[in-house]
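> Here the protein sequences line up with chains W and S, keeping their order. Mapped onto my numbering, the consecutive letters of the first sequence carry residue numbers 1 to 267. Mapped onto my numbering, the consecutive letters of the second sequence carry residue numbers 1 to 194.
Hint data in this document are derived by calculation from the structure and do not stem from the laboratory. Among the clues, some could well be false.
[To be verified] The calculated lysine to aspartate or glutamate pairs, modelled on EDC-like cross-linking and capped at a C-alpha distance of 20 angstroms, are:
#1 S:57 to S:121
#2 W:82 to S:8
#3 S:165 to S:7
#4 S:57 to W:78
#5 S:57 to S:7
#6 S:57 to S:8
#7 S:57 to W:51
#8 S:57 to S:27
[As the list claims (entries may be wrong)] Computed footprint of chain S on chain W, listed as stretches where at least three residues anywhere in the stretch have a Cβ under 8 angstroms from a Cβ of chain S:
#9 44-50
#10 227-235
Don't be surprised by glycine CBs; every beta carbon is placed ideally from N, CA and C.
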Amino acid sequence: MSEHLARDDVAGLAMLDAGDPDRRAAEDHASACAACRSEWARAERMRALMDGLASPPEPSPAAMQRARARVHAQLESESATKAASEPEPEISASSAPGWATGAAVVLVGALGFVLIPHQGSALRYFVAAAAIGVAAMLGAIAARSERDARLATVLALGLSVGLGAVDLRAFAMEMGHAEGCFTTHIVASVLPLAAALWLMVSRRGATGPFHTAAAAACGAIAGQAVLLTACASEESFLHVVFFHVAGVVAAAALGAGSGRLALRLAR
Amino acid sequence: METTPTDEDLMRSYVAGDGRAFDALFDRYATRLHAFFARSFRSGSVANDLVQTTFLKIHAARGTFDTTMPVRPWLFGIASRVRIDELRRRYRDAARASDEDLSKMTLPVEGGAERWPEANEEAERVRAAVDGLPEGQRIVVLLHRFEGLTFGEIAEVLSQTEGTKLTEVAVRVRAFRAFAALREALSDLVEEPS
């Protein structure tokens with residue numbers, strides 16, 4: 001910059017950032033021009049005076065907390081309104097493989113008969129097979145919507161109690177042999193639960209924790225059905241409650257917890 | 001290595017309903033907005049109220065935020081509108097005060113104990129000179145000198161509050177006029193000691 005600094009511009013130029021090319025050019029010119037040097041020095045002094053102004057007081061923490069809380073309250077209210085107004089997602093059987101959970105239940109039942117030594121009357125096998133079929137159906141229904149999943153979970157728990165009652169004799173109170181019965185239910189729930197979790201993630205969380213709870217419970221029922229032909233303590237009330245029905249309930253709880261976690265990831 | 005999300009990342013999450021993203025934006029801007037209002041009205045309690053009003057307006061308007069645009073000028077644009085509303089409220093003849101009238105008016109600052117003291121009489125004079133600028137120039141000085149916004153960002157802010165598209169050059173001209181006016185008002189303070 002070879003021209004003298006315009007008096008009206010000097011203050012503005014001095015207020016620009018240190019790296020601004022216009023400011024640097026003005027500074028360079030002022031350092032070499034006696035006529036402009038003093039004007040530049042005044043502008044610099046004004047900049048220093050402005051930089052020296054006191055900072056405003058800090059905001060009141062209580063006031064800031066109130067402001068933050070009011071927006072959060074609105075966010076929560078909007079979220080609740082949105083959830084209430086949105087129809088529960090219904091997923092047609094053709095648009096998503098809801099039968100995957102049911103197929104997993106049948107597969108678990110079949111594997112159970114292959115892997116666990118069993119014996120019994122034809123009626124017992126028939127009841128076991130029918131229970132696996134119903135559980136598979138409930139597993140498939142649970143994949144349709146969260147409302148259906150809730151119903152399927154309740155029906156699965158009822159089915160478990162019904163299966164447990166098949167062999168009860170006069171409410172015998174012995175605990176009997178655990179023989180891995182409880183574990184069998186949990187292990188049997190894994191494959192249908194995995195199928196339900198896969199469905200949930202692939203549908204980006206269109207169903208919820210009841211879907212996975214129902215799937216796990218139905219898997220556990222397949223295990224319970226197999227045990228109908230394999231467990232030596234099926235006649236004991238306490239054994240049935242603590243190792244069979246409780247196994248199905250625990251599987252449902254495991255499914256609900258896994259579903260909740262998967263839902264967070266999916267959504 | 002975890003990178004710090006930009007304002008724009010946070011705003012996108014907030015618009016989608018993420019309360020934690022709102023918290024992060026609030027943490028970044030609440031104190032700055034408070035300072036902006038406190039400098040405007042010389043009152044901490046007024047600034048507290050206006051920060052709350054601003055964030056509620058931001059919340060209400062977040063659906064209109066253009067996610068391809070920078071957040072800072074948008075936030076300060078809303079804050080500037082809140083500031084203008086407060087200015088209008090303070091003028092007796094608020095209903096008849098046009099934008100042009102407002103742009104020429106000096107600041108009706110809060111008086112009394114809440115005015116935090118400047119370090120000395122010189123600083124008080126500088127503060128009074130800034131307060132005495134016409135609104136159209138004062139807002140540019142506040143945003144540029146104290147809030148660190150660029151002339152381009154101020155142009156975005158003022159385009160929101162004044163309703164006409166302003167260019168960066170127009171803001172720069174306005175800023176230079178303001179600083180020249182301050183230079184004249186404070187001429188005795190900036191003279192080199194003889």
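> Each of the hints needs a verdict: does it hold here or not?
Against the structure, the hints:
no. : hint          : verdict
1   : S:57 to S:121 : violated (38 angstroms)
2   : W:82 to S:8   : violated (24 angstroms)
3   : S:165 to S:7  : violated (24 angstroms)
4   : S:57 to W:78  : holds (15 angstroms)
5   : S:57 to S:7   : holds (17 angstroms)
6   : S:57 to S:8   : holds (18 angstroms)
7   : S:57 to W:51  : violated (31 angstroms)
8   : S:57 to S:27  : holds (17 angstroms)
9   : 44-50         : holds (count 4)
10  : 227-235       : violated (count 0)
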